[in-house]
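Asker: Work out the full structure, taking the sequences as your base and the hints as a guide.
Number of protein chains: 2
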Amino acid sequence: MQNFVFHNPTKILFGKGTIPAIGPETVAFATKVLLVYGTGSIKRNGIYQQVTDSLLKAGAEIVEHPGVQSNPVLSHVREGIALAKGQKCRVVCAIGGGSVIDEAKAICAGAVVDHDVWKFFIGKKSVTSPLPLTTVLTLAASSSEMNSGMVITNEETRQKFGFANKKLYPQTSILDPEATFTVPADYTAYGAVDAIAHVLEFYFTTQDPATPVQDRFMEGLIINAMESCDRVLADLNGYQGRADLMWTATLALNGLTAAGLGKVGFPMHLIEHSLSALYNVPHGAGLSAIIPGWMRHQSQSTPQRFARFAERVFDFRNGSPEERAQKGIDALEEWFQKIHSPTSLADLNIPKQDIQQIAENTVALAKIWRIPDYDSERIQAILAGC
Amino acid sequence: MQNFVFHNPTKILFGKGTIPAIGPETVAFATKVLLVYGTGSIKRNGIYQQVTDSLLKAGAEIVEHPGVQSNPVLSHVREGIALAKGQKCRVVCAIGGGSVIDEAKAICAGAVVDHDVWKFFIGKKSVTSPLPLTTVLTLAASSSEMNSGMVITNEETRQKFGFANKKLYPQTSILDPEATFTVPADYTAYGAVDAIAHVLEFYFTTQDPATPVQDRFMEGLIINAMESCDRVLADLNGYQGRADLMWTATLALNGLTAAGLGKVGFPMHLIEHSLSALYNVPHGAGLSAIIPGWMRHQSQSTPQRFARFAERVFDFRNGSPEERAQKGIDALEEWFQKIHSPTSLADLNIPKQDIQQIAENTVALAKIWRIPDYDSERIQAILAGC
Chain Y
6 MQNFVFHNPT KILFGKGTIP AIGPETVAFA TKVLLVYGTG SIKRNGIYQQ VTDSLLKAGA
66 EIVEHPGVQS NPVLSHVREG IALAKGQKCR VVCAIGGGSV IDEAKAICAG AVVDHDVWKF
126 FIGKKSVTSP LPLTTVLTLA ASSSEMNSGM VITNEETRQK FGFANKKLYP QTSILDPEAT
186 FTVPADYTAY GAVDAIAHVL EFYFTTQDPA TPVQDRFMEG LIINAMESCD RVLADLNGYQ
246 GRADLMWTAT LALNGLTAAG LGKVGFPMHL IEHSLSALYN VPHGAGLSAI IPGWMRHQSQ
306 STPQRFARFA ERVFDFRNGS PEERAQKGID ALEEWFQKIH SPTSLADLNI PKQDIQQIAE
366 NTVALAKIWR IPDYDSERIQ AILAGC
Chain F
6 MQNFVFHNPT KILFGKGTIP AIGPETVAFA TKVLLVYGTG SIKRNGIYQQ VTDSLLKAGA
66 EIVEHPGVQS NPVLSHVREG IALAKGQKCR VVCAIGGGSV IDEAKAICAG AVVDHDVWKF
126 FIGKKSVTSP LPLTTVLTLA ASSSEMNSGM VITNEETRQK FGFANKKLYP QTSILDPEAT
186 FTVPADYTAY GAVDAIAHVL EFYFTTQDPA TPVQDRFMEG LIINAMESCD RVLADLNGYQ
246 GRADLMWTAT LALNGLTAAG LGKVGFPMHL IEHSLSALYN VPHGAGLSAI IPGWMRHQSQ
306 STPQRFARFA ERVFDFRNGS PEERAQKGID ALEEWFQKIH SPTSLADLNI PKQDIQQIAE
366 NTVALAKIWR IPDYDSERIQ AILAGC
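Listed in order, the protein sequences are those of chains Y and F. With my numbering, letter number 359 in the first sequence gets 364, and the count goes up by one each step, no holes. With my numbering, letter number 40 in the second sequence gets 45, and the count goes up by one each step, no holes.
Please note: incorrect hints may appear among the correct ones.
Said to hold, decoys possible - Rough simulated footprint, nothing fancy, chain F against chain Y, three-plus residues with beta-carbon under 8 Å:
1. 9 to 22
2. 95 to 106
3. 212 to 218
4. 248 to 254
Worth flagging that the hints you see were computed from the coordinates, not collected in a lab. Note that beta-carbon positions come from the ideal geometry of N, C-alpha and C, so glycine has one too.
Answerer: What follows is the structure, encoded as structure tokens:
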């Protein structure tokens, strides 16, 4: 195990009926609230009403910043910052999934500084005293509700960049599984893929050969993501499946899985961010298209690690490490297919002749993320197997 | 899964060489420090020197409160409170295991109020604004370094009472596995038993039949506690084993294992607290003496749960649920014996004729802990099987 700092101050309120707590939790910081949300589904399913009722009852004054899109864009972040500044908002409340919460974090960081918010993403400025943030989660996927990271796409430069800062943990996040009942089957599946991908990134990129505590935690989360997703897809309004998937996705990237692993990379997210930036595919769909190909590439270097994965997650106990590794990857790929998530570039209608262009975009990001071992040649080799 | 609130604000600094951070982490709150510790082992192994060097370098003024004993006693807590008040200490730094940290929490709570500290334990007063607390952990066992609970023994009434309050999480805890190298084999084993017991309490007392996310997390922790304890007992100075055991014990009772389980009890700790109060046995030794007997008693009500335990922890997949349950309990008992931790009252030299007296003590505690289903008859039946 490697040295680490773990400090996750986010307060989680989990369970049915918890949304009406958002008002008191938010006005505990300030009454002038910037309310950040997406494109209207929360108005159809009643969550918007629940949140605004609670905020108003608690004495909040609400300034609305709707219209956050999946893969949130910089221009809309800038609009939110201008609104928060102009209206002197002192707290941000986000209702949505990872995209909305990520944009809200960027607004929290940008609303208190004079420079452009993108400077945080390209490493030119550091976050100082962001506005406090509360969230109501509506999609089990990103764990943004309990971590300090965010990802924003710059439409001008076609770059999808992310970064994390310890001052950007939400103060309070409300996780009501019923708020995810209206998420359709495809986006439920993409969310589960995203959660699994977060764990796989750590599991397969740690350089530490001995992390048994973290390993069992991660293996359990992968199994639970798959099992709970299966249950949700069989019954979209099943509370227990939604609850298990929601909590699993939160735990998958709240800092606990990575604590002690040492330096880890995000190679699958790295490549997927280019797919999202170039083709605007859903994040989870882009991930599952890349994961099997990346795993086959990576397993040649560390077959023992992939054999452990196969044994612990899929109970494959027989055969050589290489054989078990292969069987484990195949099984995960088959599961992606079962939940109708893409498993190849072809499934996303991305032609193979685009691989070089994708790789160039990815290499630029790899420099920012400091993953120097992902050069164009390697990325093209991986994508050729996707 | 049941509704829950999870909010653990403790900052963990984990790994070798982290002790010198204690000074800055502590004086960030105040410079007048009450330093709480035990009976001298930290002076022999150099940890006391490391901590005081760091505190002084950071500008702290140190007031010492040594002499905390295993199963910390109320009279010594009161002395610490009087010292903190008299010397106007504004932060407490604890160096030790669960006993020291528990006593430090009680001092933090009691040093800012005019009434006697025991009123917190008997539910007559609530914690308001305790002194901040930093810790340097020297024993993998209690998780007090990352939770809000504490247990103190009132020598006058012979009661060992515990309670938790969300304001009593340590601000910062430093977990350096090397600080546990000098813990001898027996107390290392008792610490592992304590960590396992914390998980077992939750695992077997939850009333919720569907908690798969928590279950796999708990099962992983039990396996890791056993495996890492085995490795430490084979090499007391083995860093990785010490590190895995330390982090496992912290995760076992930091709120995450219980989050979502609904109401859980502490029946094994309940009974053990009476053993400690009456016979002053080491906490972990008392626990392992009770656990197999309690499990055999409880498994008659919920054999499926015990069968799952046997399957997941010991890989027993064959036979009826009752058979697997029995095999799992036997296997855990055998492991306790392997690490030389007691598995019966006889191993603790406690005669069977004391059972009624123990049960009376336990029943009094059961009322405070609101575990009404543990009456004298039931406790005596359990103890008869221990």
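Asker: All hints are to be evaluated individually against the structure, with a verdict given for each.
Answerer: Tested hints:
Counting residues of the stretch 9 to 22 of chain Y whose CB lies closer than 8 Å to any CB of chain F gives 14, which reaches the minimum of 3, so the coverage claim holds. Remark: the stretch 95 to 106 of chain Y is not confirmed as covered by chain F, as 0 of its residues place a Cβ nearer than 8 Å to a Cβ of that chain, below the required three. Counting residues of the stretch 212 to 218 of chain Y whose CB lies closer than 8 Å to any CB of chain F gives 3, which reaches the minimum of 3, so the coverage claim holds. By the rule of at least three residues with a Cβ nearer than 8 Å to a Cβ of chain F, the coverage given for the stretch 248 to 254 of chain Y holds, with 4 such residues.
Going through the hint list in order, the structure does not satisfy hint 2, though it satisfies all others.
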